[in-house]
Amino acid sequence: MLGPSCRDVARWVGRDELSAAGFWQRTLIRLHLLRCRHCAAYARQIEALGHWARGYSRGDTPSPNALARMKRAFDRHLARLRRVEPEDMSVPPEST
Amino acid sequence: MMDDVFLEVAFLERLRARDTDAVGAVFDAYVEHIFRAARGAGLDPAAAEDLTQNVFTTFIETLPRFEGRSTVRTWLFGILYRKIKESRRNAARQDVDDIDVVFESRFDASGSWVRPPATPEDSLDRAETRAALADCLEGVPDRQAAAFRLREVEGFSTGEICKILEATVTNVGVMLHRARNRLRECLEKKGFGLDAGS
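These protein sequences, in sequence, are chains A and B. My numbering puts the first residue of the first sequence at 1, with every later residue one more than the last. My numbering puts the first residue of the second sequence at 1001, with every later residue one more than the last.
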C-alpha cells in the first residue's frame, strides 16, 4: 500500500509533527486524511480536545484580591532589589 | 503582541536593569497566565498564588542573566515548570507507557483501524464535557499534562515547549500524543462516545 498507514497518520497528528514533515510526506498525509474518514475523525477529536481544554481553563483566573496581593509582594521584592522604597507601602484592607 | 515589544533590545536593557516600569509591564502581562498554568498543574488557588509569586520573585532575581534568546513568556513558563518539577522530584519517568499499548491495539498488523474513532458529536453537553475532561486530566502524568496545556491552552510552539520543559522535540511529540490518547480513552470510558459504535 502506498502512502502512510492509519497508525502512521494518527501518530503524526497526535504528536503535532505535520509541520516538521517533508513536503511529500505532508502531502501524502493530507491526502490520506481526505480519503480516510476514520483518520479524519481522529484528527477532529484531537482538535476538539484542544477546544475543550481552552474553554475549561478560562475559569482559572486569580481573584482581584489575589492579584492585588501578588502585585504588592512583587513591588516589595523589586524595591528591595533596587534599594528604592515604593511610594506607598500601606496595605489596603482586604475586601470581603 | 506583547512578546514582540518585550524582545526589543531597548526593552531588554531596561529589564536587565530592573527598570520598574518594564518589569511591572511583564508582571501585568503574564501574572494571570502563570497563575492559570499553576492551577492547571493541579494546585489549589492559594498554592497557585504562592507559586506565581515565587516565579516572579525568581524572574526579577535572575533578570540580569536574561539574554533574550527566548521570549519573556517562554522564560517565565520555564521557571514555573522547573519549580513544579522540583516539588515533584519523585515523579517517575516512563519510557514505555501503557497508553502506547492501548493506542497500538486500535490498529491491525497493516496499520489500519480495528477500533476506529467516531466524529465528535456537536450535541455533547459542553459543561458536562468540560467537567469530564478536567477529571480525565487529573489522570494524565504531570509532564504529559504540562505539554498538553502548554500547547492547547497557552499556544506555545513545539520549540518553546522544548525550552520550557527541557525536553527534545521527539519527547514533546510523544508527550502530546500520550496525553491526547489518555484523554480520548478516559472520555470514552466515561461514555462520551468517541469510538464508532460506542
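Hints are computed from structural coordinates only; laboratory data are not their basis. Among the clues, some could well be false.
To be verified - Stretch-level coverage of chain A by chain B, calculated; a stretch enters the list once three of its residues show a Cβ under 8 Å from a Cβ in chain B:
| no. | region |
| --- | --- |
| 1 | 15-26 |
| 2 | 34-42 |
| 3 | 46-55 |
| 4 | 66-79 |
Claimed, not checked - Partial chain B-side listing against chain A, Cβ under 8 Å, derived:
| no. | residue |
| --- | --- |
| 5 | R1016 |
| 6 | F1027 |
| 7 | L1043 |
| 8 | T1052 |
| 9 | Q1053 |
| 10 | T1058 |
| 11 | I1060 |
| 12 | T1062 |
| 13 | R1149 |
| 14 | G1159 |
| 15 | C1162 |
| 16 | K1163 |
| 17 | E1166 |
| 18 | R1180 |
| 19 | F1192 |
None of these values were measured; they are calculated from a predicted model. Backbone N, C-alpha and C fix where the C-beta goes; we use that ideal spot for every residue, glycine too.
Verification of the supplied hints:
Coverage of the region 15-26 of chain A by chain B holds in this model, with 4 residues showing a Cβ closer than 8 Å to a Cβ of that chain against a need of three. Counting residues of the region 34-42 of chain A whose C-beta lies closer than 8 Å to any C-beta of chain B gives 4; at least three are required, and the coverage claim holds. Check result for the region 46-55 of chain A against chain B: holds, 8 residues qualifying (beta carbon to beta carbon below 8 Å, three or more required). With a threshold of 8 Å between beta carbons, the proposed coverage of the region 66-79 of chain A by chain B holds, since 10 of its residues qualify and at least three are required.
Checking R1016(B) against chain A by beta carbon gives a least distance of about 12 Å; that is not within 8 Å, so the hint is violated. A least Cβ separation of about 5 Å between F1027(B) and chain A falls short of the 8 Å threshold, and the interface hint therefore holds. At a threshold of 8 Å, the smallest CB-CB gap from L1043(B) to chain A is about 10 Å, leaving the interface hint violated. The interface hint given for T1052(B) holds, since its Cβ lies 6 Å from the closest Cβ of chain A, which is under the 8 Å cut-off.
Taking 8 Å as the C-beta cut-off, the interface hint given for Q1053(B) holds, the closest approach to chain A being about 5 Å. Against a cut-off of 8 Å between C-beta atoms, the interface hint on T1058(B) is violated, since the closest Cβ of chain A lies about 10 Å away. For I1060(B), the interface hint holds, since its Cβ comes within 8 Å of a Cβ in chain A; the closest pair sits about 5 Å apart. A cut of 8 Å between beta carbons decides the hint on T1062(B): the least distance to chain A is about 11 Å, and the hint is violated.
The interface hint given for R1149(B) is met, as the beta carbon of that residue sits about 7 Å from the closest beta carbon of chain A, less than 8 Å. For G1159(B), the shortest C-beta to C-beta distance to chain A is roughly 10 Å, which exceeds 8 Å, and the interface hint is violated. Given the 8 Å rule on beta carbons, the hint for C1162(B) is violated: about 12 Å separates it from the nearest Cβ of chain A. Proximity of K1163(B) to chain A is violated relative to the hint, the smallest CB-CB distance being about 16 Å (cut-off 8 Å).
Interface restraint check: E1166(B) against chain A, minimum CB-CB distance 18 Å, threshold 8 Å, status violated. At its closest, the beta carbon of R1180(B) sits 5 Å from a beta carbon of chain A; the interface hint therefore holds under the 8 Å criterion. For F1192(B), the shortest C-beta to C-beta distance to chain A is roughly 10 Å, which exceeds 8 Å, and the interface hint is violated.
Checked against the numbered hints listed earlier, the structure breaks hints 5, 7, 10, 12, 14, 15, 16, 17 and 19; every other hint is satisfied.
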